[in-house]
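K.L.:
What follows is the residue order along each chain.
Protein chains: 2
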Amino acid sequence: MTASRQIHLVRRPQGVPVAEDFAVVGVDTPDAGEGQVQVQNLLMSVDPYMRPRLTADQPLDAAMLGGGIGRVVQSRNDRFKEGDLVRHGAGMQELFVSDGKGLQTLNPDPALSLSVYMHALGGTGITAYGGLLETGALKDGEQVFVSTAGGAVGSVVAQIAKIKGCYVVGSTGTDDKAAWLKDEVGLDAVINYKSQPLSAALKAATPKGIDVYFENVGGAHLDAALARMNLRGRIAVCGMISTYNGGGEGVRNLSNMIYSRIRMEGFVASDFPHLQVQFVEDMTGWLKAGRVKYQETILDGFERAPEGLIGLFSGLNNGKMLIRVAD
Amino acid sequence: MTASRQIHLVRRPQGVPVAEDFAVVGVDTPDAGEGQVQVQNLLMSVDPYMRPRLTADQPLDAAMLGGGIGRVVQSRNDRFKEGDLVRHGAGMQELFVSDGKGLQTLNPDPALSLSVYMHALGGTGITAYGGLLETGALKDGEQVFVSTAGGAVGSVVAQIAKIKGCYVVGSTGTDDKAAWLKDEVGLDAVINYKSQPLSAALKAATPKGIDVYFENVGGAHLDAALARMNLRGRIAVCGMISTYNGGGEGVRNLSNMIYSRIRMEGFVASDFPHLQVQFVEDMTGWLKAGRVKYQETILDGFERAPEGLIGLFSGLNNGKMLIRVAD
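Going down the list, the protein sequences come from chains A and B. By the numbering used here, the letter at position 46 of the first sequence is numbered 36, and the numbering carries on one by one without gaps. By the numbering used here, the letter at position 86 of the second sequence is numbered 76, and the numbering carries on one by one without gaps.
Hints may be right or wrong, so weigh each one.
The list makes no distinction among identical chains, and a pair is therefore deemed to hold if it is satisfied within one copy or across any two copies.
Unchecked claim - Computed list of lysine to any residue pairs in SDA-like fashion (alpha-carbon distance at most 25 Å, straight line): (1) K198 to T45; (2) K193 to N235; (3) K172 to G16; (4) K152 to Y249.
To be clear, the hints were calculated from the coordinates, so they are not data collected in a lab. As the structure is a computational prediction, the values presented were derived from the model and not from experiment.
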């Protein structure tokens, strides 16, 4: 038995989550029983997809959902030995016991930071890869628009599209991110949607229209994109962060879908197990060659997970937001 | 040279079209020259798809776009003889001259009314057939929702779905149409969206959710359907009549597309030439067996075409709206 902590949801957020919706709760974590492991969390992920689940299926007064990377500290399970690194979906717990189901042993490439296995080589990476190439059915050299292109998913989408020879426009909400996307990542055009009129800027930035729109935002972003979609364009719907906290404008340009025969389709990271091997091979190569760059915002301290999650909605993060629990 | 008439658009409608947006204009139609035919219009179609084009590509002070059935009255073209019936897209003209391109000779089944070649066996029929079976990828026995199920497209969609063993819910805007759909067509549930709260009624009528939504309306209809879509549901976007005249609410439930992996896709009648032979065979059989029923609203008199088109937006029609120009 070891004293540890969990992050609990203690009430359902109204609109943007606030600190008081969460609590850091002390618990006693049991030792590993027969067939079990005890895992210490090292890195935890906070992601926009969590917001709708706070209103839906996240139980109150229980450990928050979420994924992370941990280290096996006790093992009574033949599949794992002490010291193994594992990727897990065990939620926001400093320490937890598992029968091994849902734990994936990691053998990280020594040339890469462990944290990339939480984003470019993790859930956000396969989301970008599968959503763009399979749901979006991207063809080399097409015209691509990516919303929240400075985010963990969007920045990978934009770079895969560049690797595939596409003309790529990204939107983002800060000048810092815009500069990184233009100067470091090499996008063809970047729109700061907070300081520029989105529809006019997108029109100017997409003289050949849009073949694939990778949708992370919804609302006005979707309306602006719909007005620029080419015949048989695809909209891969990964997220609609502008709508998760309520409010926002309804979408009005959907009738453009008819004559332009636009296909819009939702997907989630777990839709692409059949792409996993190719994804890891491609992405490891791109990262090591510097062809996919990334940013991370890492908050130190388990108790800062709510702050990190809340910060996603105010643009606190540059790239992937992570919580460092231990080294 | 023969005196005849055309319907012109004389100004672009603001919102719902009004009579003053159109004019009936006298013209002299030349005789058929070498390689040409002169065609007398018999039946003309007015359709919701025309509305967006009044704002877009319909020229002012020229014959209105549109399709119809005519009779060849002069022929100097080997492909046609006098008396042939032809389906055409020559627009709203009493009499016109053509080189034969775009004219399709009709050999109507003597057991069927000629008018069905303007709807169930015409453009609205192939729209329903292709949109439901190909774009909607309907599988036998699925849960189907059809908006404007009393209309020319919707009523055919609903009946094909019933033939395919599906549970079918339709929405319509009048009690007359609702009664026809329930009693004559045999839908499983019918919602009058003008007298019932749409979302609550749709929820009650779809206890097993919706696998395919055939979309003719947009706005609140789409929001209500999105809230009921099953995993990997399809939304075949045929029209969004509620949005064509401006106004209306924006759509707010699009984020449901993500976790339910919904696919929404636009299409038009001309997308399905590869289905044409099978369509004619299936639909002729269904009509002759009474398995596809239809309603028509036929206005007598060429000059009533604007009235017919305007009436589409107030529910003047039961089923397909046609203009009878001559017998």
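K.L.:
Hint numbers the structure violates, sorted upward?
P.N.:
Per hint list: 3, 4 violated.
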